[in-house]
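All chains, please: the whole structure from these sequences, using the hints.
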Amino acid sequence: PIESVIVPSSSNERSFINAKDANTYGVEFDTYRWLDFVNEKLENFYVSTNFTLIRSEVSIRPEDSGIVTNTSRRLQGQADFIGNLQLGYDDGFKQKASLVYHITGDKIREVGILGAPDVMDQAYGEVDLNYTRFFGDHVELNVKVKNLTNQLQESTQGGYDMNSYQEGTSASMGLTWTF
Numbered sequence: 001p002i003e004s005v006i007v008p009s010s011s012n013e014r015s016f017i018n019a020k021d022a023n024t025y026g027v028e029f030d031t032y033r034w035l036d037f038v039n040e041k042l043e044n045f046y047v048s049t050n051f052t053l054i055r056s057e058v059s060i061r062p063e064d065s066g067i068v069t070n071t072s073r074r075l076q077g078q079a080d081f082i083g084n085l086q087l088g089y090d091d092g093f094k095q096k097a098s099l100v101y102h103i104t105g106d107k108i109r110e111v112g113i114l115g116a117p118d119v120m121d122q123a124y125g126e127v128d129l130n131y132t133r134f135f136g137d138h139v140e141l142n143v144k145v146k147n148l149t150n151q152l153q154e155s156t157q158g159g160y161d162m163n164s165y166q167e168g169t170s171a172s173m174g175l176t177w178t179f
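Position 26, counted from 1, in the sequence shown is what our numbering calls 26; the numbers after and before it change by one each time, with no gaps.
Bear in mind the hints are in silico, worked out from the structure with no lab data behind them. Just so we're clear, the structure is a prediction, and the values are computed from it rather than from any experiment. Among the clues, some could well be false.
As the list claims (entries may be wrong) - In silico DMTMM-like cross-links for lysine to aspartate or glutamate, where the CA-CA straight-line distance does not exceed 25 Å: (1) Lys144 - Asp90; (2) Lys146 - Asp106; (3) Lys146 - Asp91; (4) Lys41 - Asp106; (5) Lys20 - Glu3; (6) Lys96 - Glu126; (7) Lys94 - Asp128; (8) Lys94 - Glu40; (9) Lys96 - Asp128; (10) Lys94 - Glu167; (11) Lys20 - Asp64; (12) Lys146 - Glu126; (13) Lys144 - Glu167.
Here it is, written out as structure tokens:
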């Protein structure tokens with residue numbers, strides 16, 4: 001695997017190293033349930049969840065181990081967990097909608113070298129809204145609103161803020177005509 005590293009300096013120069021090998025393993029849990037068992041008026045509503053726990057380990061090549069701060073660590077860019085929670089509506093005919101919460105655990109953005117700690121992306125969650133309306137067999141309207149909560153996304157190195165920002169909320173609308 002190729003990994004991005006940050007060289008400790010006033011300019012935060014970036015470079016790349018080749019790891020010898022890496023292993024990733026984990027477990028995933030999924031559920032999906034229509035809500036009509038709660039009340040028959042909820043027959044078109046459902047809830048689904050997905051949660052993944054991930055462990056990874058990377059081995060650094062001997063020629064790179066002299067500059068990499070942590071030779072025993074998880075794989076760069078691999079979160080330790082990923083989760084989704086979805087509340088949806090689907091009438092099976094004309095419209096469907098979903099409100100989805102996504103969360104991604106901490107992950108290494110850039111591998112620290114020459115004594116500098118790894119740059120870590122902190123756990124981050126967002127809420128998205130999706131709506132689809134069908135007009136006959138050929139026309140479909142899609143509306144999406146992404147990142148309703150606009151949570152601060154933080155990257156830190158050794159406890160210090162390296163790059164924190166708010167991505168903002170975005171919306172899109174599309175019309176599809178199939179012929």
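Would you mind confirming whether the straight-line C-alpha gap from lysine 146 to aspartate 91 stays at or under 25 Å? holds (23 Å)
Is the hinted pair lysine 144 and aspartate 90 satisfied, with a Cα-Cα distance of at most 25 Å? Distance of about 16 Å is within 25 Å: holds.
Quick one, are lysine 96 and glutamate 126 close enough, alpha carbons at most 25 Å? With a Cα-Cα distance of about 20 Å, the restraint between lysine 96 and glutamate 126 holds, given a limit of 25 Å.
Next pair to validate is lysine 20 with glutamate 3; report whether the Cα-Cα distance is within 25 Å. holds (11 Å)
Decide if the proposed pair is consistent with the structure: lysine 41 and aspartate 106, CA atoms, cutoff 25 Å inclusive. violated (40 Å)
Is the straight-line distance between the alpha-carbon of lysine 146 and that of aspartate 106 25 Å or less? Roughly 21 Å separates the two Cα atoms, so the pair holds.
Check whether the Cα positions of lysine 96 and aspartate 128 lie no farther apart than 25 Å. holds (14 Å)
Are lysine 20 and aspartate 64 close enough, with their CA atoms no more than 25 Å apart? holds (9 Å)
Has the given pair, lysine 94 with aspartate 128, been kept, meaning a C-alpha gap of at most 25 Å? holds (21 Å)
Starting from lysine 146, check that the Cα of glutamate 126 is at most 25 Å away, please. holds (8 Å)
Holds or violated: lysine 94 and glutamate 40, Cα atoms, limit 25 Å. holds (19 Å)
Is lysine 94 within 25 Å of glutamate 167, Cα to Cα? Judged against 25 Å, a Cα distance of about 33 Å means the pair is violated.
Hint violations for this structure: numbers 4 and 10, all remaining hints satisfied.
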